[in-house]
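Build out the structure end to end from the sequences listed, making use of the hints.
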Amino acid sequence: QLQLQESGSGLVKPSQTLSLTCAVSGGSIASGSHSWSWIRQPPGKGLESIGTIHQSGSTYYNPSLKSRVSISMDRAKNRFSLNLTSVTATDTAVYYCARTSVGYSVLDVWGPGTTVTVSS
Amino acid sequence: DIPVTQSPSSLSASVGDRVSITCRAAETISTYLNWYQQKSGRAPRLLIYGSSSLQSGVPSRFSGRGSGTEFTLTISGVQPEDFATYYCQQTYSSPGTFGQGTRLETK
Chain E
1 QLQLQESGSG LVKPSQTLSL TCAVSGGSIA SGSHSWSWIR QPPGKGLESI
51 GTIHQSGSTY YNPSLKSRVS ISMDRAKNRF SLNLTSVTAT DTAVYYCART
101 SVGYSVLDVW GPGTTVTVSS
Chain X
1001 DIPVTQSPSS LSASVGDRVS ITCRAAETIS TYLNWYQQKS GRAPRLLIYG
1051 SSSLQSGVPS RFSGRGSGTE FTLTISGVQP EDFATYYCQQ TYSSPGTFGQ
1101 GTRLETK
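In order, the protein sequence lines correspond to chains E and X. Counting along the first sequence from 1, when you hit position 32 you're at 32 in this note's numbering, and nothing is skipped either side. To convert, take the position in the second sequence, counting from 1, and add 1000; that gives this note's numbering.
It is possible that some hints are incorrect.
[Claimed, not checked] Subject to a maximum C-alpha distance of 30 Å in a straight line, what follows is the list of computed DSBU-like cross-link-like pairs (lysine-lysine):
| no. | chain 1 | residue 1 | chain 2 | residue 2 |
| --- | --- | --- | --- | --- |
| 1 | E | Lys66 | E | Lys77 |
| 2 | E | Lys13 | E | Lys66 |
| 3 | E | Lys45 | E | Lys66 |
| 4 | X | Lys1039 | E | Lys45 |
| 5 | E | Lys45 | X | Lys1107 |
| 6 | E | Lys13 | E | Lys45 |
Just so you know, the hints here were simulated from the structure itself, not pulled from any lab data.
Okay, here's the thing in structure tokens:
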């Protein structure tokens, strides 16, 4: 079945760029009409949508992060990536990747999450 | 953004109880309301989408209802594995926004 797995740097210095990748297995990110999303959860807090990339390559970013976020897709490697620039301590969180299904845009398959800490 | 507000923020229950969680949207969102369950240290799991449709593999004791601005998630007969945090999410407009969560605890 479809599985997602996040990877990337777990510790990032303030003002630097956070980079994460989500590897997709058991299905192709380029098939169907799904989108692929990033969500984050600061310690002890709730969930926040970061952005989404459609299999066509079009993107949508949360306006609160738009100036710092980019999401890209590598169809050949069946993965998608997140870059978040100029990070601060408030970007410390568990970062999840997820598949977004058509219709109600639900996040129906999630990766296990990866913890990113912003600290010098 | 369309803010969504969940209540209560925490809830105590015993095994076998029937419990309900409410989610209110700041403006009408039709039935674009989804529910997720999150256990400690784990990724969220989709339970209900489109206000009332049960995700495949989710037990039938979970149900959802509502439209417009008010929605309810009900667990009919809480089981030990149901003690977790529950989030609603509106996907009527982007970005999809989540409620602040409701923690279901053992009484």
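We went through each hint and held it up to the structure:
Distance hint between E/Lys66 and E/Lys77 is fulfilled; the C-alpha atoms sit about 26 Å from each other, no more than 30 Å. With a C-alpha separation of about 20 Å, the suggested pairing of E/Lys13 with E/Lys66 holds against the 30 Å cut-off. Annotation: proposed proximity of E/Lys45 to E/Lys66 holds, straight-line Cα distance about 21 Å (limit 30 Å). The suggested pairing of X/Lys1039 with E/Lys45 holds, with an alpha-carbon distance near 13 Å, which does not exceed 30 Å.
The hinted pair formed by E/Lys45 and X/Lys1107 meets the criterion: a straight-line CA distance of about 23 Å does not exceed 30 Å. Straight-line distance between C-alpha atoms of E/Lys13 and E/Lys45 comes to about 22 Å, which keeps the hinted pair within the 30 Å bound.
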